[in-house]
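Chains as they are written, first to last, in my numbering: chain E, 1 to 208; chain C, 1 to 294.
Calculated from the structure, these hints are not laboratory results.
Watch out, some of these pointers could steer you wrong.
Each computed DMTMM-like pair below joins lysine to aspartate or glutamate, with the alpha-carbon atoms no more than 20 Å apart [stated by the list, open to error]:
#1 K267(C) / E256(C)
#2 K67(C) / D71(E)
#3 K6(E) / E138(E)
#4 K6(E) / D22(E)
#5 K6(E) / E135(E)
#6 K6(E) / D32(C)
#7 K93(E) / D103(E)
#8 K147(E) / D124(E)
#9 K34(C) / E135(E)
These stretches of chain C come out as covered by chain E in the derived footprint (C-beta under 8 Å, 3 or more residues) [what the hints assert, rightly or not]:
#10 34-43
#11 207-214
Built from N, CA and C at the ideal position, the CB exists for glycine as well.
The residues making up each chain are set out below.
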Amino acid sequence: MAKIHKSPWLLHYDGSSCNGCDIEVLATLTPVYDAERFGVENTGDPMQADILLITGGINSQNQPVVKQLYDQMPRPKVVVAVGVCACTGGIFKECYNILGGADTTIPVDIYVPGCAARPEAIIDGIVKAVALFEERSEEHDALRHEKKHGQLTPEEYIRKAEENSRASEEAAETKAIDVDKNQIHGNITGELTGHTMNKLRHIGKGKR
Amino acid sequence: MIQTDSILTKVIFVAAYILLAPLIGGLLAGIDRKISARMQRRIGPPILQPFYDVHKLWHKQVIAVEKAQSWFLMTYLILMIFTGAMMFSGTDILMCFFVLSTAAAFLFFAAMVTNSPYGYIGAQRELLQIMAYEPSILMTCVGFYLVAHSFEVSKIVAGPVSRILYLPGFFAAFVFSLTIKLRKSPFDTSASRHPHQELVKGLTTEMGARNLAIFEIAEWYETVFLCGVVAMFILNTSWVSIPVAILVILAVFFLEILIDNTNARVKWQSMLLISWVVTLVGGGVNLLILMLVR
């Protein structure tokens, strides 16, 4: 069978974020965490990527961009939302420009919460994404085989392929990573707790 | 000792090249990534990673930006195989390099045909790279002719002593141009190879799925061909030269990895200037000495 799961190429795109998660994504490629030992390569080209790593929230300016990046990626593909901003809008959810997380625009398969998401959690998310990618590529191969032997019309083929790319609601929840209990900034729904709001008020007034 | 005069030997060598070169080239690429990772104190991907990559790419959905690109890349691959087959069958080395240049032209077309701005700049930089290394490889052919009195590979490798003893300057200039041919920093301006992302992916921006797999395999064929040219400097009539040639190839390959990891990319103006100066000095001085000695 195809060893596709041994070669997952990432595309990392940042929506509207503080760039903390981006730096953590880059950190996973440094010697300390070394995601490359899994064969992961951070390619900047959607045409060559298998896994779309989204950080940051979606606003009306980057929504068509994210949609286009997703459409430009060849099947089979997996989407990983890294950081609370990409999951739900995070700390910026109440802002007037933020529409929400990445799932307002594209189907997300894996959610990695955290603010910023830790490199270990990101690698965990990537490993789960690779396992899902292997499943999708086997479905993709089976579909191609059926099409080649004339069992599917072109419209059916496209419809089934698109269905396979979308995650079902139940599947998305079961694949979410457990929240790291040490993260205090915001919970998974993006609402700020009273404790955090007090801290922010103090910072706003110049106190620590 | 290596008699490539009989047809059977030629056929064996050519068949061995066509079948084994992608395997050897892919292994060399994997070893390259592993050693680079170790130099950076990382673990690095498995050595067979390039094969996994190509296998995956072959099975991805094909999004054809421009269908002609597939034909150009297939031609590039075929011409690259042709180049290596010609060399390993013992014919004219100058003709081999001319076919190589034709193959490079088809790679340029493949990148230009998609009208992508990144591919466009990558393709132009590819032409500049060709301009940078062509003088060096042509000088190499001139050097071979001066010592072997023939362009034929079969006569060049059948000398009484290794050619490198007469051609040290040419060897240095050729190894310098290998940095450009193998797409290593500081001269990897055209294709932003892993993991750099200047110009998205430069030359290979609009190549996905099968096209990229064909490009990778052609690069492997080219790597083996270039290792063969390095071996031409070392091989002579004695059988001892064969393991020595293999050792020299591995040493040169390691040197290229070292240069890749210790240098940042330079602008194309610097690339042209530096490579031409090295070619003129290394090749030119060697040429003068050879002309005087003969």
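Hints and how they fare:
1. Between K267(C) and E256(C) the alpha-carbon distance is near 19 Å, which keeps this suggested pair within the 20 Å criterion.
2. Under the criterion of a C-alpha separation no larger than 20 Å, the hint pairing K67(C) with D71(E) is consistent with the structure, at around 19 Å.
3. Restraint check for K6(E) and E138(E): the C-alpha separation of about 13 Å stays at or below 20 Å, so the hint holds.
4. Simply put, K6(E) and D22(E) have alpha-carbon atoms about 24 Å apart, too far for the 20 Å limit, and the pair is violated.
5. Under the criterion of a C-alpha separation no larger than 20 Å, the hint pairing K6(E) with E135(E) is consistent with the structure, at around 13 Å.
6. Under the criterion of a C-alpha separation no larger than 20 Å, the hint pairing K6(E) with D32(C) is consistent with the structure, at around 18 Å.
7. Between K93(E) and D103(E), the direct Cα distance comes to roughly 13 Å. Compliance with the 20 Å bound is thereby established for this hinted pair.
8. Proposed proximity of K147(E) and D124(E) is contradicted: the alpha carbons are some 34 Å apart, above 20 Å.
9. Only pairs whose Cα atoms come within 20 Å are accepted, and K34(C) paired with E135(E) is rejected, the gap being roughly 28 Å.
10. Judged by the Cβ-Cβ criterion of 8 Å, the region 34-43 of chain C is covered by chain E as claimed, because 5 of its residues qualify and three suffice.
11. Counting residues of the region 207-214 of chain C whose CB falls under 8 Å from any CB of chain E gives 4; the rule of at least 3 is met.
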